[in-house]
Amino acid sequence: AQSVTQPDIHITVSEGASLELRCNYSYGATPYLFWYVQSPGQGLQLLLKYFSGDTLVQGIKGFEAEFKRSQSSFNLRKPSVHWSDAAEYFCAVGGWNNDMRFGAGTRLTVKP
Amino acid sequence: DTEVTQTPKHLVMGMTNKKSLKCEQHMGHRAMYWYKQKAKKPPELMFVYSYEKLSINESVPSRFSPECPNSSLLNLHLHALQPEDSALYLCASSQGQGASNTGELFFGEGSRLTVL
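Protein chains in written order, with this note's numbering: chain A, 1 to 112; chain B, 113 to 228.
Wrong hints could be hidden among the right ones.
Taking CB as the label site, the calculated pair distances span [said to hold, decoys possible]:
1) B:ALA192 x A:THR12: 39 to 45 Å
2) A:SER80 x B:SER171: 42 to 48 Å
3) B:SER167 x A:SER84: 34 to 40 Å
4) B:SER171 x A:HIS10: 39 to 45 Å
5) B:PRO195 x A:ILE9: 22 to 28 Å
6) B:ALA192 x A:PRO79: 47 to 53 Å
7) B:LYS150 x A:GLN45: 18 to 24 Å
8) B:THR214 x A:ALA1: 16 to 22 Å
9) A:GLY28 x B:VAL124: 38 to 44 Å
10) B:GLU115 x A:GLU15: 28 to 34 Å
11) B:ALA192 x A:GLY28: 34 to 40 Å
Some chain A residues well away from chain B (every beta-carbon gap over 10 Å; in silico) [said to hold, decoys possible]:
12) GLU20
13) LYS61
14) PHE63
List time: in silico BS3-like cross-link candidates among lysine-lysine, alpha-carbon distance up to 30 Å [stated by the list, open to error]:
15) B:LYS153 x A:LYS111
16) B:LYS121 x B:LYS165
17) A:LYS61 x B:LYS152
Derived from the structure by calculation, the hints contain no laboratory data.
All residues carry an ideal CB built from backbone N, CA and C; glycine is no exception.
Take the sequences, apply the hints, and build the full model.
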């Protein structure tokens, strides 16, 4: 079965600084990979997704992620963080069988 | 605006009550999901319906009973719940099976359940 590991439970960055959130996956075939963001008390919003093709994918709100098959990674990046980016970020892996699994999440705090 | 609508947004119930959570989508998706999310935890898959048939049941206790009346609606019937069942219940939908299916989930805002 597929699984996802997010090694960082909590990250704090200063506003304007760059951000990288790590994600490693385990999946037997070509994975479908996702990053979702969740603000407190809200549902999950899709930031970006990777299915195939170009390994660098662009998402909403200035986020991007790079799929590295050799490292089984799909790290999320943003060049300059805004205070409104403070939230919980979930990496997820899914496939054709409609079985999406989430990582434990990384909570992002943004310092003024 | 989310295209997956969940009602109610908040629900408080006693351990002997029977209640239901409802979810609706009009995107033509053929797969619908229930996830349970405890505070500071990731969503945990409970049930998946594909083409109105239950395709995944993650060994959820029988006090949770899903129902998919049609391809647009998904219910979660609740009976004899425990306080530890208090959580955010998220509904989601996806395209369903087929060559075009990428498994991307579209989530509702969730129903916050408190069991007293």
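Violated hints, by number in ascending order, as checked against the structure | Number 4 only.
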